[in-house]
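A.B. asks: Listed here are the chains, written in short residue letters.
Number of protein chains: 2
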Amino acid sequence: MIEESPLESVKSDIVVEFENADQAKIVYDSIILEFETAPDFRSSMTIELDDSKIMINIDAEDSTSFRASVNSAIKWINLALQINNLTI
Amino acid sequence: MIEESPLESVKSDIVVEFENADQAKIVYDSIILEFETAPDFRSSMTIELDDSKIMINIDAEDSTSFRASVNSAIKWINLALQINNLTI
Chain E
4 MIEESPLESV
14 KSDIVVEFEN
24 ADQAKIVYDS
34 IILEFETAPD
44 FRSSMTIELD
54 DSKIMINIDA
64 EDSTSFRASV
74 NSAIKWINLA
84 LQINNLTI
Chain X
4 MIEESPLESV
14 KSDIVVEFEN
24 ADQAKIVYDS
34 IILEFETAPD
44 FRSSMTIELD
54 DSKIMINIDA
64 EDSTSFRASV
74 NSAIKWINLA
84 LQINNLTI
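Protein chains in written order, with my numbering: chain E, 4 to 91; chain X, 4 to 91.
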């Protein structure tokens, strides 16, 4: 299916905006290591912190690996937010 | 959880590139109606066709509705591709 697919690539810039720069920094510091070590040969992800925003760039070869990357990224962010709520 | 979340918004531009403009147009024509009628009050999606690319813009209030929108969009595209494969 993948080799026959007429789909060439799926790319995305995701901007996650937080209430303030502190919250964004806490989440960014919590998840940066996941992004750097995630083993996926069909997609690449980069993450950047910009004030109260986290920018995630995903470049995938196919839609399945794109969905996997988006879902991983969002899960990591949610997990960081939930742990942070516990510790406030 | 949602009201307390320090997450303000999740926005994304997704670019799906196909082998050629014909394939992109077939998929675009198949899924445009889904995008126009999808009832979601926490996120909005727009779709545009540009030669061999389909651009999807998602603007969501929270990460859950963002993931739902991304997953819907990718599923519609995959479904259109699979049906098109059957009919070739």
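To be clear, the hints were calculated from the coordinates, so they are not data collected in a lab.
Since the structure is predicted, the reported quantities are computational estimates derived from the model, not experimental observations.
Some hints here could point you the wrong way.
You can't tell identical chains apart in this list, so a pair holds if it fits in one copy or across any two.
[Stated by the list, open to error] Under the rule of at most 25 Å between Cα atoms (straight-line distance), these lysine-lysine pairs were calculated in the PhoX-like manner: (1) K14 / K56; (2) K78 / K28; (3) K78 / K14.
A.B. asks: What are the numbers of the hints the structure violates, in ascending order?
C.D. replies: none
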